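Undergrad: When you get a sec, could you build the whole thing from the sequences and use the hints?
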Amino acid sequence: MKIAVCVKQVPEAQHKRLDPETKRLDRSGEGALNSFDANAVEEALKLKESGDAEVVLVSLGPEKAIDALRKGLAMGADRAVLVADDGAAGSDLLATSRVLAKALERESADLVLFGQQSADSDGAVLWAAVADRLRRPVVSQAAELSLSDGKVRVKRQTEFGYDVIEAPLPAVVAVSDAINEPRYPSLKGIMGAKKKPQETLTSSELGLEASDLGESGSATVVYALNEPPARGDVQKVEDDGNAAEKIVEFLAQKRLV
Amino acid sequence: MKSLVFLEHHGGEFVKNSLGVLAKAASLGGDAHGVVVGAGVKDLAPRAGAFGASKVYVADDASVEAPLPQPRVDVLAKLVRDGGYDTVLFGQSVLAADIASALAARLEAGLNWDLVDLVEQDGKLVGKRPALQDSVYADVGWSSEPRVALFRSGAFDANEAGGEAEVEDVAVELDDFSTHATMVEQAHAESEGPSIEDADVIVAGGRGLGGPENFALAEQLAQALGGAVAATRAVVDAGWYPYSSQVGQTGKTVSPKLYVALGISGAIQHKVGMQSSGTIIAINKDANAPIFEFADLGVVGDVHEIVPKLTELVRQRKS
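If you're matching them up, the sequences are chains S and L in order.
So in the working numbering, the last spot in the first sequence is 257, and the numbers never skip.
So in the working numbering, the last spot in the second sequence is 1319, and the numbers never skip.
Please note that the accuracy of each hint is not assured.
[Unchecked claim] With a straight-line cut-off of 25 angstroms between C-alpha atoms, the simulated DMTMM-like cross-links for lysine to aspartate or glutamate are:
| no. | chain 1 | residue 1 | chain 2 | residue 2 |
| --- | --- | --- | --- | --- |
| 1 | S | 246 | L | 1312 |
| 2 | L | 1318 | S | 110 |
| 3 | L | 1318 | S | 249 |
| 4 | S | 46 | L | 1139 |
| 5 | S | 246 | L | 1219 |
| 6 | S | 64 | S | 110 |
| 7 | L | 1285 | L | 1237 |
| 8 | S | 151 | L | 1237 |
| 9 | S | 246 | L | 1160 |
| 10 | S | 254 | L | 1117 |
| 11 | S | 16 | L | 1139 |
| 12 | S | 2 | S | 78 |
| 13 | L | 1285 | S | 233 |
| 14 | L | 1042 | L | 1061 |
| 15 | S | 23 | L | 1108 |
| 16 | L | 1318 | L | 1160 |
| 17 | S | 254 | L | 1200 |
| 18 | L | 1257 | L | 1108 |
| 19 | L | 1285 | L | 1176 |
| 20 | S | 246 | L | 1200 |
| 21 | S | 236 | L | 1293 |
| 22 | S | 254 | L | 1305 |
| 23 | L | 1055 | L | 1086 |
| 24 | S | 48 | S | 110 |
| 25 | S | 194 | S | 12 |
| 26 | S | 46 | S | 105 |
| 27 | S | 236 | L | 1200 |
| 28 | S | 16 | S | 215 |
| 29 | S | 23 | S | 205 |
| 30 | S | 155 | L | 1293 |
| 31 | L | 1285 | S | 105 |
Rather than coming from a laboratory, the hints here were simulated on the basis of the structure.
In this text, all values refer to a predicted model and were calculated from it rather than measured experimentally.
TA: This is the structure we're talking about:
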């Protein structure tokens, strides 16, 4: 059994900024493993512990993203594959899913896991595009996941409650951050991570053309970055015993009641 | 613009969020068409006419009854190709996000998500996309057609303009792999009343409510205002309220007309899920709570004293 976990390096929260020139996220500063991906790594490790599985981390990012992959290796993943290509900068959903699908095809894992969103762009869509390219079943928002008889069974959180969905392997599943509490890497895990196999690939090694990735492989553009629309005046009042009346008056003025 | 809007439905009704997107598409001119996928949805389809659809496709078949994304991708991909649609629009939901993303890959179409508006600017279609905790609003667009867009919950009002839609049946032809995932057990609603995606008014509770039993205060006020109840991550994690009501970075992003925050500090993780609401009212006993920096009306006081009175006053006014 092979489990591939797609992970991403994201800028540390305090370094998050958009480059006014490229209008892209500035990835030059310190990076970290996307915290939502740690849930996917944890779930893969739990499956490995309850059965027998190889856990492979797969990522697209700059070369230094290997640091984020090492965090996953330190947690217990077996090896890491990083597609690092200068030409991939600025890849949108189309280009990113194209590259990841190629890297995943090469691994032909039985189960592909994603975290529920990226903490930098707040994207929560990638898995479905990747699954479509791989022509595999996909289930997202997994709050519980189990494997039996060559099938994955998922409890999916939706706006309306919980669904139970089953899909035969190979399958793609995106896990919710409610699924587990990711472990912290042990000192032994951190020391051992460096020695685990870490492969860095270019897109051409995956059989992709330059036009498949980066801006030329993307179909979305950012025209401009603007200030958010200003909110109206902010009022703050202390409750003097008549706060409820004040609120109703305010609602009435705004025709909200 | 020739646009196709995915009309999501639940419990025999359209999800309001997707009707809002339809009304927006119709307001931009051109052809705004809708598509309804499910079993026993023929009667529902013509009702989209009132929200601006001049035509509604119906894919009515037992094989697409369960709300799973991949069969819907097959139906939409065929419609977009055969009908020559240049734009496909979705309102945010777990289901719609998966369909939009897979459809984008299938059609090699660009997807912009989490949009709060769509406008024509210098002859181009431009989406408004809040980024970095809504501290920046990016103007985003597409370099090719078709374009796929996914809008934030509550981005648009579901305005009824009145109108009639021509209804056209479409055959359901599914790809083999699209049928592999199957629904074993479908969700039933955990709470009554509107869902937080559909509500014009949201009353949200945080730790400041003091305990799960005090969510009754939020529920009563929500009922009086005709709204839904939401919760912060902290109280969902503590088991006070179901996850489906969680607003914030790891929950839902909502933009109701009115958001009433009870005992919520307004930490950034919550703020990103609700700051695009029309009007925000906050009640919190901590005068230094960050929510007072962005609430239109902030009241420093005790929710347990103010909310019952407020609920009573709202009820009186409405009766």
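Undergrad: State for each hint whether it applies.
TA: Hint by hint, here is what the structure shows:
1. S/246 - L/1312: Holds, at roughly 13 angstroms.
2. L/1318 - S/110: 58 angstroms, violated
3. L/1318 - S/249: Cα-Cα ~13 angstroms, so holds.
4. S/46 - L/1139: 42 angstroms, violated
5. S/246 - L/1219: Measuring from Cα to Cα gives roughly 21 angstroms; hence the hint holds.
6. S/64 - S/110: Violated, because 28 angstroms separates the two Cα atoms, which is more than 25 angstroms.
7. L/1285 - L/1237: 22 angstroms, holds
8. S/151 - L/1237: 29 angstroms, violated
9. S/246 - L/1160: Violated, because 33 angstroms separates the two Cα atoms, which is more than 25 angstroms.
10. S/254 - L/1117: 22 angstroms, holds
11. S/16 - L/1139: Distance of about 19 angstroms is within 25 angstroms: holds.
12. S/2 - S/78: 10 angstroms, holds
13. L/1285 - S/233: 21 angstroms, holds
14. L/1042 - L/1061: Between residue 1042 of chain L and residue 1061 of chain L the Cα gap is close to 10 angstroms, so the pair holds against 25 angstroms.
15. S/23 - L/1108: 23 angstroms, holds
16. L/1318 - L/1160: 23 angstroms, holds
17. S/254 - L/1200: Judged against 25 angstroms, a Cα distance of about 14 angstroms means the pair holds.
18. L/1257 - L/1108: 36 angstroms, violated
19. L/1285 - L/1176: 57 angstroms, violated
20. S/246 - L/1200: 21 angstroms, holds
21. S/236 - L/1293: The hint holds at about 9 angstroms.
22. S/254 - L/1305: Holds, because 24 angstroms separates the two Cα atoms, which is no more than 25 angstroms.
23. L/1055 - L/1086: 16 angstroms, holds
24. S/48 - S/110: 13 angstroms, holds
25. S/194 - S/12: The given pair, whose Cα atoms are some 22 angstroms apart, holds under the 25 angstroms limit.
26. S/46 - S/105: 24 angstroms, holds
27. S/236 - L/1200: Distance ~24 angstroms between residue 236 of chain S and residue 1200 of chain L Cα, so the pair holds.
28. S/16 - S/215: 21 angstroms, holds
29. S/23 - S/205: 29 angstroms, violated
30. S/155 - L/1293: 38 angstroms, violated
31. L/1285 - S/105: 55 angstroms, violated
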